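Put together the whole structure using the sequences plus the hints.
Note that the protein sequences, when read in sequence, are chains A and B.
Count the first sequence with our numbering and you get residues 1 to 152, in order.
Count the second sequence with our numbering and you get residues 1001 to 1204, in order.
Just so you know, these hints were derived from the structure itself, not from any lab.
A couple of the hints might just be wrong.
[Said to hold, decoys possible] 25 Å max Cα-Cα, derived SDA-like pairs, lysine to any residue:
{"no.": "1", "chain 1": "A", "residue 1": "133", "chain 2": "B", "residue 2": "1051"}
{"no.": "2", "chain 1": "A", "residue 1": "3", "chain 2": "B", "residue 2": "1103"}
{"no.": "3", "chain 1": "B", "residue 1": "1085", "chain 2": "A", "residue 2": "81"}
{"no.": "4", "chain 1": "A", "residue 1": "116", "chain 2": "A", "residue 2": "127"}
{"no.": "5", "chain 1": "A", "residue 1": "3", "chain 2": "A", "residue 2": "34"}
{"no.": "6", "chain 1": "A", "residue 1": "97", "chain 2": "B", "residue 2": "1184"}
{"no.": "7", "chain 1": "A", "residue 1": "3", "chain 2": "B", "residue 2": "1020"}
{"no.": "8", "chain 1": "A", "residue 1": "3", "chain 2": "B", "residue 2": "1079"}
{"no.": "9", "chain 1": "B", "residue 1": "1153", "chain 2": "A", "residue 2": "27"}
{"no.": "10", "chain 1": "A", "residue 1": "27", "chain 2": "B", "residue 2": "1133"}
{"no.": "11", "chain 1": "A", "residue 1": "27", "chain 2": "A", "residue 2": "83"}
{"no.": "12", "chain 1": "A", "residue 1": "73", "chain 2": "B", "residue 2": "1101"}
{"no.": "13", "chain 1": "B", "residue 1": "1020", "chain 2": "A", "residue 2": "127"}
{"no.": "14", "chain 1": "A", "residue 1": "133", "chain 2": "A", "residue 2": "101"}
Predicted, not measured: the structure shown is a model, and the values here were computed from it.
Each chain, letter by letter, is given below.
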Amino acid sequence: GLKRLHLGSCVLSMNFQEIRNEFLEIKGYVQAEDENLDNRILKSSEALQDIKPTERCCFFHHLLRFYLDRVFKNYQTSNYHIRRKVSSIANSFLGIKRELRLCHDHLMCHCGEEAKEKYTHILSHFEELDGQKAVVKALGELDILLRWMERT
Amino acid sequence: DEVVNLPAPPDLSVHSTNMKHILTWSPVTIPGETVNYSVEYQGEYERYYTSSTWIPSSWCSSISTPECNVTDDITATVAYNFRVKATLGSQSSSWSTLKELFNRNSTVLTSPRMKISKDGYHLIVEFEDMGPYFEFNVTYWKKSPNSQKELYKIVREGGNLVHLETMEAGAEYCVKAQTIVEVIERSSTFNQVECIRAQDESPL
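Structure, rendered in structure tokens:
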């Protein structure tokens, strides 16, 4: 069914179970590609649920755009099954982003310093790594993002 | 290979009922030959973020029937496009695409098939298994001349016997139901009301 995501005054409904099922099908494959186990991009210090509610929507909006703009489209694989699953997740994220725009339009997605700062940290963790390695790690860390979403 | 002009498969369209999506097209016929088809798809993401790339359909690469079950390809509530080409030996037609993009929230939802029964005084309902997206909103009531108090229950999946109510001896109970598909935030119409009478009090 649908999950309600509480992002301050912005409440989204999303097909969370469907997204998680799609990710679970590729998790082993993608995480096995990640050779750099010492680093993490999504650190617990920047967890979605720990950001103050008023800035959670903005931070989540940043995270969605990060995955849509920097991760899904740059993930390269010759495995069509994996590609279909990534496409499925990406299109679901796009559907969520569209819903998020409604909150944005109703001024429920305020961007403050905390959201910007935490997102900047995540981006720097990502950019410290080499191109495709960073993409692979970020895709593999989707389960961290899904866990954050589950607790939000 | 004799060079044959292979037309692109015409009349591409998606027929969707109860979240099962079937892509169909008109066949390309070449006398004495078997023409095969390949299907690819793209979601909104592919159109706007990856310069319109296409992904081979899960089940329809080089098939001979002019139809493809694309249910496993459509797993988000965004607009999808499909394309099909015909192949004959080493020759391929150009691609044909949908006239209108398809979004799964336009699927036709039929009212559920339902079976009500009794086990002693217990009112039991059973629905067909319609797949992981389907829940059932059940409304039921005891028939009585004056008041009719409706009760509700959400049945999370089909294919199981579900206990609705313990009936009063001799009373008649009625049931109706609709499907709910949360991922597209829609539900079907209610089905036909069905009623059943509880057995009378058994003499001591």
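Verification of the hints:
For the hint pairing residue 133/A with residue 1051/B, the CA-to-CA distance comes to about 22 Å; that is within 25 Å, so the pair holds. Of the supplied pair hints, the one linking residue 3/A and residue 1103/B holds, its CA atoms being roughly 20 Å apart against a limit of 25 Å. Restraint check for residue 1085/B and residue 81/A: satisfied, since their Cα atoms lie roughly 21 Å apart, inside the 25 Å limit. Of the supplied pair hints, the one linking residue 116/A and residue 127/A holds, its CA atoms being roughly 16 Å apart against a limit of 25 Å.
A C-alpha spacing of about 29 Å is found between residue 3/A and residue 34/A, which places the hinted pair above 25 Å, so the restraint is violated. Between residue 97/A and residue 1184/B the alpha-carbon distance is near 16 Å, which keeps this suggested pair within the 25 Å criterion. As the CA atoms of residue 3/A and residue 1020/B are separated by approximately 23 Å, the hinted pair is consistent with the 25 Å bound. About 21 Å separates the Cα atoms of residue 3/A and residue 1079/B, which keeps this hinted pair within 25 Å; it holds.
At roughly 36 Å between alpha-carbon atoms, residue 1153/B and residue 27/A are farther apart than 25 Å, so this suggested pair is violated. Restraint check for residue 27/A and residue 1133/B: the C-alpha separation of about 23 Å stays at or below 25 Å, so the hint holds. Between residue 27/A and residue 83/A, the direct Cα distance comes to roughly 13 Å. Compliance with the 25 Å bound is thereby established for this hinted pair. For the hint pairing residue 73/A with residue 1101/B, the CA-to-CA distance comes to about 21 Å; that is within 25 Å, so the pair holds.
With a C-alpha separation of about 42 Å, the suggested pair residue 1020/B and residue 127/A falls outside the 25 Å cut-off, and the hint is violated. For a cut-off of 25 Å, the pair hint linking residue 133/A to residue 101/A is broken: about 31 Å separates their Cα positions.
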